[in-house]
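**Student:** Use the sequences and the hints to build the structure in full.
Sequential numbering of the sequence shown, starting at 5, is according to our numbering.
Simulated from the structure, these hints should not be mistaken for lab results. For glycine and all other residues, C-beta sits at the position ideal for the given N, C-alpha and C. Heads up, some of the hints might be wrong.
Derived CB-CB ranges, DEER-like [unchecked claim]:
1) S230 / E148: 39 to 45 Å
2) E25 / P80: 34 to 40 Å
3) G137 / N235: 38 to 44 Å
Straight-line Cα separation of at most 25 Å, DSS-like style, residue types lysine-lysine; simulated pairs [claimed, not checked]:
4) K193 / K64
5) K204 / K24
6) K37 / K124
7) K24 / K37
8) K198 / K24
9) K255 / K193
10) K261 / K204
11) K64 / K261
12) K255 / K124
13) K124 / K261
14) K193 / K24
15) K24 / K124
16) K261 / K198
17) K37 / K261
18) K193 / K261
19) K193 / K204
20) K37 / K193
21) K124 / K204
22) K124 / K64
23) K198 / K64
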Amino acid sequence: MRSTAKKPHINVELISNNLKEDLSALNNHALYKSINSIEELRTFMRWHVFAVWDFMSLLKALQINLTCIQLPWTPPVDNASARLINDIVLNEETDLNQEGLSSSHLELYLDSMSDIGADKSNFDCFMASLSNGNSVSVSLNMAEAPRFVRDFVLYNMDTAEFGSIVEIAGSFVFGRETVIPTMFEELLKNWGIKYNDAPKLHFYLSRHIEVDTNEHGPAAERLLDSLIDNNNDSGLKALESGREAISKRLKFWDGIKNLIDERIIV
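**Tutor:** Encoded structure:
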């Protein structure tokens, strides 16, 4: 007799269960135990800053889709989703630094790089090229970014520009907001960098762990559930986007670890 039981609708919880192995590989990546000196931390930050930058493009893509940021203004279709994404943007784009002054999380990170003497020349070149009207791809080449950095950033930009709303949200939730706290906790737990050696970076990582765990992560999950809205086709798109985002992050971490292992310290 054929079962008449209905399959459960795909939601964030089911997607998370499907991604357990992928998330385990990410949460246990060997990179977290590879940073044991300021020199190695400088190498990490020199290239990780590109991931800090492209995070905002995914976030802004969601804001563009879920709110009205053009004239004349019209009310958002989904006020709850608009509120969730605007709350995340508020913190990411204009959080408070250690002195209580408004600062984006990218600026917090760049300050952390200056704090330990990490090389910002590649990223500065990248931003200057963007300011001159060049594409992201051209700017990455001008900045002499390694292949693994180019692949990671261009994947995220492609998702932000051409992905469906659920694909963007799937990448944002499972490639960023819900995994960042664990990744950064592993860094703080396993690396050999004392607080006094990099106080601004400790602040940056701790701030992300706090905000993403208690606020942004749960908000992003609620947002994705709302976008899926019990539609299994949308759920599958979010699942595949999340899996690909994790895969790209793993390759990104592999690239940085290889530089550290090869003692290409800068």
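**Student:** Taking the hints in turn, state whether each one holds.
**Tutor:** Against the structure, the hints:
1. S230 / E148: 39 to 45 Å: holds, 41 Å
2. E25 / P80: 34 to 40 Å: At roughly 37 Å between Cβ atoms, P80 and E25 fall inside 34 to 40 Å, so the hint holds.
3. G137 / N235: 38 to 44 Å: Cβ of G137 to Cβ of N235: about 39 Å, so the range 38 to 44 Å holds.
4. K193 / K64: violated, 31 Å
5. K204 / K24: Status violated; Cα separation ~32 Å.
6. K37 / K124: holds, 23 Å
7. K24 / K37: holds, 21 Å
8. K198 / K24: violated, 31 Å
9. K255 / K193: holds, 22 Å
10. K261 / K204: Satisfied, since the Cα-Cα distance of roughly 22 Å is no more than 25 Å.
11. K64 / K261: Violated - the C-alpha atoms of K261 and K64 are around 29 Å apart, more than 25 Å.
12. K255 / K124: Between K255 and K124 the Cα gap is close to 22 Å, so the pair holds against 25 Å.
13. K124 / K261: holds, 19 Å
14. K193 / K24: holds, 22 Å
15. K24 / K124: Not satisfied, since the Cα-Cα distance of roughly 35 Å exceeds 25 Å.
16. K261 / K198: With a Cα-Cα distance of about 20 Å, the restraint between K261 and K198 holds, given a limit of 25 Å.
17. K37 / K261: Given pair K37, K261 holds - Cα atoms ~10 Å apart, limit 25 Å.
18. K193 / K261: holds, 17 Å
19. K193 / K204: holds, 17 Å
20. K37 / K193: Holds: K37 and K193 sit about 9 Å apart, inside 25 Å.
21. K124 / K204: The given pair, whose Cα atoms are some 16 Å apart, holds under the 25 Å limit.
22. K124 / K64: holds, 24 Å
23. K198 / K64: violated, 34 Å
Checked against the numbered hints listed earlier, the structure breaks hints 4, 5, 8, 11, 15, 23; every other hint is satisfied.
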